[in-house]
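If you want the building blocks of each chain, they are given just below.
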Amino acid sequence: MAPVKFEEDIKRKLEERQIEPSQEAWTRLSDRLDKDKHSGRNRFWLLSIAAGFLLILFTVIQVVRSPEETIPEDNYAVESPADNKVQDDTVTDATIPFETNTDLVQGTVEAEEVQKSDSKSTTVSEKLATHLPESDVASSDQKDMLNEHPKDSDKMEITKLYATNELDESLIQEVLQDTQTTSENQLDRETDSLLKAAQKELLMDKTMVERTTLAQANELLMEVEEEVEPSLKSRVYEVFKDGYKKVKTVVAQRNN
Amino acid sequence: MKVIQLHKNEAKLIEKAVRNNRKAQHTIYELHASKMLSVCRYYIKDIELAEEVMLNGFFKVFKHLSSFINNGSFEGWIRRIMVRECISELRKRRPLIYSSEQIEVHEHFHESIHSDIAVAEIQQIIDQLPEGYKLVFVMYAIEGYKHHEIAEILGISEGTSKSQLFKARKLLQEQIKKLNQNSYGSS
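Here the protein sequences come in this chain order: A and B.
The letter at position 209 of the first sequence is residue 209 when you use the numbering used here, and the numbering goes up by one with no holes.
Take any residue in the second sequence, count from 1 to its spot, add 256: that is its number in the numbering used here.
Just so you know, the hints here were simulated from the structure itself, not pulled from any lab data.
Fair warning: this is a prediction, and the values are worked out from it, not measured in the lab.
If a hint is listed, it holds; no wrong ones were tucked in.
Quick list of simulated restraints, FRET-style, between CB atoms:
id : chain 1 : residue 1 : chain 2 : residue 2 : range
1  : B       : E304      : A       : T59       : 51 to 59 Å
2  : B       : A267      : A       : I56       : 40 to 48 Å
3  : A       : R43       : B       : N438      : 56 to 64 Å
Note that CB positions come from ideal geometry on N, CA and C, so glycine has one too.
Please construct the entire structure, taking both the sequences and the accompanying hints into account.
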């Protein structure tokens, strides 16, 4: 297209032109930029708060989930055999299906009874702890000792307490008697249960031995009978036997 | 050397402005505002509205300054933003109408503008053009856009862009003739 003369003139003149904006123009723009900056910051904070909230929620969910997963492990720990005999006796019902012998089941029933007596002894220690004046049993260590070893060392602890603290003598005597009787009962029951179990084991062994020996003899006899056919010797023996019987009857008849 | 120094300074200024340095932003504004307001004035008759559009344009410039690639003209980049801002403002106010009449462009325009005619008078005759003519004329004749670019920006065909330009030229030539006659008459 051919160049347009007036267009070039217009362009030149307009390009040279400059229009000054009003004085408030920059402040208006600056305010707008400030607002945008703040809104950007607010957006950033809102986003960071939201992200933090989500993170906390996630961790809470993780924490809530984890104990549910560890519960079976705790149960397993309860089932595992412990060094303490009392703990052995207080085996939970979950272990019973593994014991096929009915005698042992009976044994566990007896053991439960023993456990009951143990709980009695623990209540004795608790009783003592409640009966003691607060000032006397104020030391938390002593209380802890009572709670930690209620069965074995009750006597010792009580005597210790007696030595260290001035307690009511009659109360001490009562508690000692209680513990003695409960411990005696406990020992008796334990020994009874052990003796019964041992006797039953012996009986079981005996019957097993008898059964096995009888079975072996019978089996051998049967095998021999099957293997050995009636031989000439046996036939001669039978003939002699019959002859002897006949002779015996004849002699008897003649004497009569 | 001076050009290189100027370019270096501009790059530093842009770098600071990207980091929301208000002083740098103000310097950029001071450097380009009067020219950009003139550009906006090509399209928008109302000077206050033109200023508002220019401020919107600068706001976008500072907001998207990080996307400016430093190997082109910074002024050209700002100018393109301003033109687009003006067109969107005009579109917001009323839909732009372009005559679909196709014209065979063979006519030549040899009329020149008398040197005594002021810029304000030139702007006035441009303002009198219908909106569609004015947009295509300013974009083509003053801003230097090609017809396919104009067609793309305005959402019209290239043919429509050419016919709009032809009509605008014809109208302007008549107006310039009148102005020239008045100018000669007065002198």
